[in-house]
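Protein sequence lines, in the order shown, are assigned to chains A, B and C. Using my numbering, the letters of the first sequence map in sequence onto residues 529 to 839. Using my numbering, the letters of the second sequence map in sequence onto residues 55 to 333. Using my numbering, the letters of the third sequence map in sequence onto residues 41 to 269.
There could be a bad hint or two in this list.
Claimed, not checked - Computed list of lysine to any residue pairs in SDA-like fashion (alpha-carbon distance at most 25 Å, straight line):
| id | chain 1 | residue 1 | chain 2 | residue 2 |
| --- | --- | --- | --- | --- |
| 1 | A | Lys740 | A | Ser542 |
| 2 | C | Lys265 | B | Asp302 |
| 3 | C | Lys243 | B | Leu105 |
Claimed, not checked - Here are some of the chain C residues that sit facing chain B, going by a computed Cβ distance under 7 Å:
| id | residue |
| --- | --- |
| 4 | Tyr66 |
| 5 | Val91 |
| 6 | Ser92 |
| 7 | Ile93 |
| 8 | Gly114 |
| 9 | Ala116 |
| 10 | Arg120 |
| 11 | Leu150 |
| 12 | Ile153 |
| 13 | Ile157 |
| 14 | Thr174 |
| 15 | Val213 |
These are computed hints drawn from the structure, not numbers from a lab. A virtual CB, placed ideally from N, CA and C, is assigned to each residue, including glycine.
Take a look at the letters that make up each chain.
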Amino acid sequence: MTDHIIQIRNLHKSFGDFKALDGLNLDVRRGEIFGFLGCNGAGKSTTIRCMLSLIKPDAGEILFNGKSTREHRNTFLRQVGCIIEKPDFYTNLSALDNLRISARMYGMRSKKEEILSVIELVGLAGREREAVKTYSQGMKQRLGIAQALLHRPELIILDEPTNGLDPKGIIDLRRIIQRLKTDFQKTVIVSSHILSEIELIADSFCIIDRGKTVIQGRTAELLSENEMLVSVETDQPEQMFRLLQNAGREVSAPASDDQTLTIKTGRADIPDIHREIVRSGLPVYGFHARKKLEDLFLNLTQNTDAHAGLN
Amino acid sequence: MLDLIRTEIFKIATKPRSYIGFAAIFAIVVIIQLALYADGQAYLDFLIQSLNQSFEIEGMDFNGNLVGFIILQTLIIQMPLLVALVSGDAISGEIQGGTIRSLLTKPVSRSQIVWAKFIAAELYTLLLILWLGILAWVVSLLFFGPGDLVVLKSDSLVIVRNADTVWRFGSAFAVAFLSLSVVVALSFLLSAIAENSIAPIIITMSVILLFTIIGTFDIPVFNQIKPFLFTTHMIVWRNFFDRPLPVDQIAQSAGIMVLHIVMFLGATLIYFNKKDITQ
Amino acid sequence: MKNALFILLFLPFSPILGQTPNQILYKAHQQFARVKSFKSEVNIYFDLPSVSIENMSGKAFYKAPSKFRIRLKGIAFLPRDNPFNVYTLIRDSSQYASVLNGSEKVGNELCRIVSVIPNGESDIVMAKLWMGTTSNCPLKMQITSRESGIILIENTYGRQVQNALPDKMRFTVDMNKFKVPKALAADINNSPKKTAASAAKSKGTIEFAFTNYSLNTAIEDSVFKEEGK
Numbered sequence: 529m530t531d532h533i534i535q536i537r538n539l540h541k542s543f544g545d546f547k548a549l550d551g552l553n554l555d556v557r558r559g560e561i562f563g564f565l566g567c568n569g570a571g572k573s574t575t576i577r578c579m580l581s582l583i584k585p586d587a588g589e590i591l592f593n594g595k596s597t598r599e600h601r602n603t604f605l606r607q608v609g610c611i612i613e614k615p616d617f618y619t620n621l622s623a624l625d626n627l628r629i630s631a632r633m634y635g636m637r638s639k640k641e642e643i644l645s646v647i648e649l650v651g652l653a654g655r656e657r658e659a660v661k662t663y664s665q666g667m668k669q670r671l672g673i674a675q676a677l678l679h680r681p682e683l684i685i686l687d688e689p690t691n692g693l694d695p696k697g698i699i700d701l702r703r704i705i706q707r708l709k710t711d712f713q714k715t716v717i718v719s720s721h722i723l724s725e726i727e728l729i730a731d732s733f734c735i736i737d738r739g740k741t742v743i744q745g746r747t748a749e750l751l752s753e754n755e756m757l758v759s760v761e762t763d764q765p766e767q768m769f770r771l772l773q774n775a776g777r778e779v780s781a782p783a784s785d786d787q788t789l790t791i792k793t794g795r796a797d798i799p800d801i802h803r804e805i806v807r808s809g810l811p812v813y814g815f816h817a818r819k820k821l822e823d824l825f826l827n828l829t830q831n832t833d834a835h836a837g838l839n
Numbered sequence: 055m056l057d058l059i060r061t062e063i064f065k066i067a068t069k070p071r072s073y074i075g076f077a078a079i080f081a082i083v084v085i086i087q088l089a090l091y092a093d094g095q096a097y098l099d100f101l102i103q104s105l106n107q108s109f110e111i112e113g114m115d116f117n118g119n120l121v122g123f124i125i126l127q128t129l130i131i132q133m134p135l136l137v138a139l140v141s142g143d144a145i146s147g148e149i150q151g152g153t154i155r156s157l158l159t160k161p162v163s164r165s166q167i168v169w170a171k172f173i174a175a176e177l178y179t180l181l182l183i184l185w186l187g188i189l190a191w192v193v194s195l196l197f198f199g200p201g202d203l204v205v206l207k208s209d210s211l212v213i214v215r216n217a218d219t220v221w222r223f224g225s226a227f228a229v230a231f232l233s234l235s236v237v238v239a240l241s242f243l244l245s246a247i248a249e250n251s252i253a254p255i256i257i258t259m260s261v262i263l264l265f266t267i268i269g270t271f272d273i274p275v276f277n278q279i280k281p282f283l284f285t286t287h288m289i290v291w292r293n294f295f296d297r298p299l300p301v302d303q304i305a306q307s308a309g310i311m312v313l314h315i316v317m318f319l320g321a322t323l324i325y326f327n328k329k330d331i332t333q
Numbered sequence: 041m042k043n044a045l046f047i048l049l050f051l052p053f054s055p056i057l058g059q060t061p062n063q064i065l066y067k068a069h070q071q072f073a074r075v076k077s078f079k080s081e082v083n084i085y086f087d088l089p090s091v092s093i094e095n096m097s098g099k100a101f102y103k104a105p106s107k108f109r110i111r112l113k114g115i116a117f118l119p120r121d122n123p124f125n126v127y128t129l130i131r132d133s134s135q136y137a138s139v140l141n142g143s144e145k146v147g148n149e150l151c152r153i154v155s156v157i158p159n160g161e162s163d164i165v166m167a168k169l170w171m172g173t174t175s176n177c178p179l180k181m182q183i184t185s186r187e188s189g190i191i192l193i194e195n196t197y198g199r200q201v202q203n204a205l206p207d208k209m210r211f212t213v214d215m216n217k218f219k220v221p222k223a224l225a226a227d228i229n230n231s232p233k234k235t236a237a238s239a240a241k242s243k244g245t246i247e248f249a250f251t252n253y254s255l256n257t258a259i260e261d262s263v264f265k266e267e268g269k
């Protein structure tokens, strides 16, 4: 069996004159959380819909475990659980009934215990008999994940799963996604335009723009820990800038009305920088270290042509 | 496939709109029955008064068969709307509700989904027809009693013997079911095309209304197209109450209706299989 | 005055045929007078231009002097008048005026045509009877009544001819045009198919075919009430 669970080759799709996908390529390794990034309209949803046969591509090939998903559609769909954009249910029915319907579509004679165990996994135990129309968006998202897991698929595809979720819902969802990988050994493809989420959970990611893959690889390799950004918020930016510059730090000069300075550094140097600032006695209102995915994303998507061929 | 059909039946059964048809039929039938209970005999006597001058007419009582026939004749106009309420929502309702995405990512073909939905809608239609049959005919028989049926045509009468009414009503209901199946198939096609469930219902009714109006006018240009309109053949159930039984006409109309069903359903399958789900 | 004029006009022809019309009628009356009551099976055949109705069967009951009923199940279109009323009329020659109107062959039998006008109050305004010279029974009767207009009855006799009871009675009735408002009609969208024959036809026929006559048995009066004719 191939190491890649999903391989997409030269995928094309147009809607009239609009090219939604323009020769997209993608590889997803088995057992990883794969982040699928792109601006709105970049082609993420179209790619996912092509994978799930909701949209017929004009050209190209999608392979699941090395086999064409078009030729082995049902075999593929049997091994996939998904939420596309937002999970929609028969809202007049209970969660239990919705899951029963879903199970029946897979030809499963799911026992109630099986359904209840999935409901418990996503934290909806005790609410399963309530009509879905009474659920919050977060609960619907959890139910969507329960539905995606019910038939024990190999691959989970989540298209913009954080849409409409409050911060707590986002955190809960992140935990569930991580559990899918660690506890259930699932491969998870998560598409999103919220970079920080992907940065936190993805083992690999890919950025697409205007229907083309602009970069793809392992997160650790693409976002090296030697190149991180530290933001420092202060009401004395000039003094802070001089302090850091004198300490030999690579710091960007503050703009006239900007009270935040950005330091480019390695992860190992962050505690030293922190110590230096504390010792100086300058007021600090915020100190935030981040990897540079955002910069990478902005660089790649704002000037695609310059980065063509990076993947 | 059986699981799929069961699922679709379950979906129909859990939608409140599915019961509108049953409630509407109940209300209309009861109202007509009460009205006919009060004035039915006088109404019949009035209609046949010209014949009463020439003959002693025996046994011309207002009975359950006649009530059933009158109700069937009246309600057949409303039935397409009641059927379209459910069948027009079958696919477009899933699109509107977003559940189409989940539905089409299951390991079943789109054709299977269309077939399962069509069969479920057909079962619903059958139930609706049976409900109409039970209320309009069986209840009327219990309430008004059995007897020979007087079929009032514009310039003649057909007397159907009581013993003959069972197979005639049975066949009429079967053909009425076939005509409603044309409505189901049409609203299915529109349901596959539309993105919301109101449009297929309104368009289905508009098409039926338009075709019926064309069928009503005795204008040469309309007469040319009438034989090709399915609405012309939807009233063929009445022929089961004619004598001699116009078998050829019934067979021809049934054939044309089956052709319409095949055409509409075929178009639905082709369109739905090619449809990109972008919602 | 009307009757006197009628007799004056037609009386001169009577002697030519040998028997007076009263004698002819009396013979028929004598034959029918043997029947105090009868019951029989009856098959009824309809041919009515604007009514499609299947043939029916039932039972016929008669009780002298003028009770007649056909009992059957279901809807039936029957002549409004008792077809044996003529015998009630000719029972007493003082109750009518009669006149011979010549001869005519009905089927194979030569008939004398006798016109009868009741003297007193009667629903029958006039009856024209084709009396068979062999059977002595009316083979054809054209009865003009106040209630039903003109009705033609053609009788065919068989085994009960000696009792003046026909095997078949065929009624020809003038029918009014039948019309139902289009909104109430079952053929709302079908243009009614008008054939030349059906448009022209305004007379309907009803035929009674009697079998299994059972004569002079007791028949309850209740039979003649309620439903049936």
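Hints versus structure:
1. Lys740(A) with Ser542(A): holds, 13 Å
2. Lys265(C) with Asp302(B): This hinted pair is violated, its Cα atoms lying about 45 Å apart.
3. Lys243(C) with Leu105(B): Given that 25 Å is the threshold and the Cα spacing comes to 12 Å, the pair holds.
4. Tyr66: Cβ of Tyr66(C) sits 30 Å from chain B, so the hint is violated.
5. Val91: holds, 5 Å
6. Ser92: Ser92(C) check passes; min Cβ-Cβ to chain B is 4 Å, inside 7 Å.
7. Ile93: holds, 4 Å
8. Gly114: Where the cut-off is 7 Å and the nearest Cβ of chain B is about 4 Å from Gly114(C), the hint holds.
9. Ala116: holds, 4 Å
10. Arg120: Constraint on Arg120(C) satisfied, holds at 5 Å.
11. Leu150: violated, 32 Å
12. Ile153: Violated: closest Cβ of chain B sits about 25 Å from Ile153(C), beyond 7 Å.
13. Ile157: This hint is violated: Ile157(C) lies away from chain B, its Cβ roughly 24 Å from the closest one there, beyond 7 Å.
14. Thr174: violated, 33 Å
15. Val213: Constraint on Val213(C) satisfied, holds at 5 Å.
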